[in-house]
Amino acid sequence: MKKIGAVVGVSLLAAIGVASLGSAQNATLKIGAITTLTGRLAEFGRQQKAGFTVAINELNAKAGSKGQQFELLLEDSASDVNKGLAAAEKLVNGNVGVILNEYSSSIVKAQAQYLSRQKVPNIIVSASDESITKPGFDYVYRINPPTDEYAKVLFQIFTDTGIKSMAILAGNGAFEKSVQASALEQAKLKNVEVVGNQVYDKGLTDFRPILNGFKARNPDAVFLVGYQEDSVAVMRQAKEVGLNPKLFAGGAAGFALPEFITGSGSASEYVVTATAWVPELKTPGNKNLYIKLVNALGGSEPTYHAAQGYAAVLVAADAIKRAGSATDREAINKALLSTDLQTSYAKIKFENFEGYKNQNRVSMVAEQVQKIGGRLQFVPIYPRSLFDAKLLFPTPAWDKR
Amino acid sequence: MEFFSQGLQGLIDGLLTGGVYAMIGAGMSLIFGVMRVVNFGHGDFVILGMYAAFASNQYLKLDPYVSLLVVLPLAFVFGFVLHRAILAKLLGANDQTTKLATLGLGLIATNLVLLQFGTEPKTVYTEYATNAWRIPLFGLELRISEVRFYAVIITALLIFGLNMMLYRTELGRAIRATAQNRLGAELQGVDTKKIYAIVYGIGVVLAAAAGVLLLPLLSATPTLGSVFTNKSFVVTILGGLGSLPGAIGGGLILGVVESLGSSLFPLMNSHFGANYRDAYGLIIFLIVLLFRPEGLFGRTVKRV
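Protein sequence lines, in the order shown, are assigned to chains A and B. Quick note, the first sequence lines up with residues 19 to 419 if you use our numbering. Quick note, the second sequence lines up with residues 51 to 354 if you use our numbering.
Careful: at least some of the hints might be erroneous.
[Stated by the list, open to error] In the SDA-like style, the derived pairs of lysine to any residue whose C-alpha atoms are separated by at most 20 Å in a straight line are:
1) A:Lys220 <-> B:Pro186
2) A:Lys101 <-> B:Asn161
3) A:Lys418 <-> B:Pro186
4) A:Lys80 <-> A:Leu90
5) A:Lys170 <-> A:Gly180
6) A:Lys418 <-> B:Ile185
7) A:Lys220 <-> B:His321
8) A:Lys220 <-> B:Ile185
9) A:Lys220 <-> B:Asn280
Because the hints were derived from the structure by calculation, they are not lab data.
Sequences are here, hints too, so could you generate the full structure?
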């Protein structure tokens with residue numbers, strides 16, 4: 019009985035979706051999108067939404083009032099895998115041709131699997147777990163770099179500064195574990211000794227035993243991977259226990275948010291983090307994009323998630339235009355395969371390489387929290403060819419600051 | 051050597067964490083001891099305390115520690131009114147009813163916070179939160195976090211004050227009488243309904259105080275409540291339900307076991323790291339339940 023109810027419910031939902039789309043089909047071209055608008059990852063969702071909005075407005079302004087207008091169907095995954103899947107199902111049944119697939123790897127992976135089974139092209143915006151674009155996932159495209167790029171840019175710094183040993187601390191989510199695995203691989207490759215390697219559970223708020231353990235082994239670098247609340251707690255406690263490596267390296271996510279600096283205050287200074295985009299990048303139109311994103315965020319600093327959200331909408335719109343339809347999933351899929359688009363975030367082209375499938379090739383940037391004019395802020399430093407600012411190294415001991 | 055230094059530092063950190071656990075557990079234990087109500091919403095009141103301190107920091111620019119002066123009286127009134135308005139109606143009802151009622155109150159509290167503040171973690175930045183005293187000992191350097199030390203002192207003061215109140219004042223006598231035999235107390239002229247409301251208010255005060263003391267250290271998230279409810283269960287049952295010294299002992303033991311476990315086991319095998327933290331606490335919990343089901347400091351009391 020339950021089963022029948024579910025079937026009826028789903029088909030009813032589908033019918034409603036088709037009906038509502040049918041009446042509006044001529045008016046707008048629809049792009050589906052899912053992100054974490056609420057829940058513990060809401061800050062990332064806010065950033066992505068700003069990027070989506072800026073891109074949609076730009077496209078519609080360009081098309082003019084007589085041209086075809088784009089419309090974003092935005093669903094909330096509420097930072098939860100099951101709610102994310104429900105959101106994906108809703109969009110699939112709503113006859114959407116292409117879906118932008120959000121931020122957290124744990125959530126995105128499940129959605130990508132589902133969407134690929136349903137043969138719905140989806141563009142990963144910011145999730146970086148490597149396995150998402152490893153074969154087995156058709157209809158999945160990714161514009162952001164996978165986690166080995168996160169590790170690569172930080173290990174470039176390790177090599178340049180002569181770091182010989184490191185300790186790593188990562189959360190137990192899909193993203194954190196993927197960065198951790200990439201970092202361990204890089205460590206082997208670059209001959210950096212791993213003296214500590216710990217995983218923590220979500221909700222752990224006391225990192226002191228781990229940090230004390232690291233302190234006893236005295237590593238040159240401490241590599242940290244975690245989301246927003248963890249990044250702040252880890253740095254506060256590193257200061258409290260007096261952990262003094264030559265370098266603190268953060269694997270993006272929580273460490274690249276403006277809230278990381280406001281939450282951990284002076285404890286955030288000198289921390290280096292990987293990030294996927296900075297306003298200082300000299301891509302075409304990037305300065306303009308930055309200004310628009312700041313406006314869309316009501317004055318707060320945009321992060322790479324916003325820039326990636328912006329680019330993802332442009333990629334989807336480009337594919338829809340070339341496919342000549344916003345609902346023909348096969349045609350859109352074919353169009354996505356031949357994407358070659360320069361955006362202000364990066365150049366986007368989906369390729370198969372090193373075991374990845376439909377993965378955009380883009381390298382990461384590293385930035386350091388530095389005090390400029392008495393204010394702590396992110397300063398992009400790597401790759402060195404792109405930026406003038408220098409890495410401050412080694413990190414001074416806590417009691418010598 | 052590493053074992054020794056890690057162990058000692060782990061012990062200190064564990065005692066500091068345990069102090070706060072003790073305070074959360076004490077509130078729950080008191081409520082149970084007097085009212086025989088298991089307060090399933092206890093952790094959510096800790097969260098309410100955190101957010102109250104966060105709000106007074108945002109809007110009144112109060113330091114979290116100063117905000118104790120504002121938050122604690124409010125917490126008492128809140129608990130008192132809550133009991134008068136809702137729980138008092140359930141006096142004499144069976145266990146399930148009161149359990150569901152407190153669980154429901156906790157859910158409402160969590161979701162009100164969610165609506166008001168959203169789900170993203172909130173932090174209050176204080177410069178002193180990361181300061182630590184350094185104590186040289188046999189060539190080792192041990193560190194004691196200043197704020198966490200003060201948190202333990204405040205906990206000790208609150209519990210000491212509570213104990214004085216229970217054993218030295220007329221109100222305390224009435225509370226103890228109500229705990230021992232409600233009908234008997236009633237016959238002696240004690241307004242037991244009022245006593246219940248006061249006790250519930252005190253319980254909420256202890257929970258909220260723990261929340262305020264934790265705010266400089268942790269980020270507040272509305273859904274963290276269940277973590278604290280679970281911890282307070284473990285603490286009260288370790289020490290013995292309804293016993294104040296038991297809650298203190300249980301809190302300290304839980305804090306130390308968790309901290310020592312996650313400090314020392316990784317030295318032997320890196321697989322057993324901090325992700326097993328909760329397991330270490332629960333293993334001790336199970337052992338105590340097996341050999342002393344009434345808790346370490348608990349007594350089995352027959353009620354009339």
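Each hint tested on the structure:
Among the hinted pairs, lysine 220 of chain A with proline 186 of chain B is inconsistent with the structure: their alpha-carbon atoms are about 34 Å apart, more than 20 Å. About 18 Å separates the Cα atoms of lysine 101 of chain A and asparagine 161 of chain B, which keeps this hinted pair within 20 Å; it holds. Restraint check for lysine 418 of chain A and proline 186 of chain B: the C-alpha separation of about 18 Å stays at or below 20 Å, so the hint holds. Among the hinted pairs, lysine 80 of chain A with leucine 90 of chain A is consistent with the structure: their alpha-carbon atoms are about 16 Å apart, no more than 20 Å.
About 15 Å separates the Cα atoms of lysine 170 of chain A and glycine 180 of chain A, which keeps this hinted pair within 20 Å; it holds. Between the alpha carbons of lysine 418 of chain A and isoleucine 185 of chain B the distance comes to roughly 18 Å, so the proposed pair stays at or under 20 Å and holds. Straight-line distance between C-alpha atoms of lysine 220 of chain A and histidine 321 of chain B comes to about 17 Å, which keeps the hinted pair within the 20 Å bound. Taken as a hint, the lysine 220 of chain A and isoleucine 185 of chain B pair is broken in the structure, with Cα atoms around 32 Å apart against an allowance of 20 Å.
Restraint check for lysine 220 of chain A and asparagine 280 of chain B: satisfied, since their Cα atoms lie roughly 15 Å apart, inside the 20 Å limit.
Of the numbered hints stated above, those contradicted by the structure are hints 1, 8, listed in ascending order.
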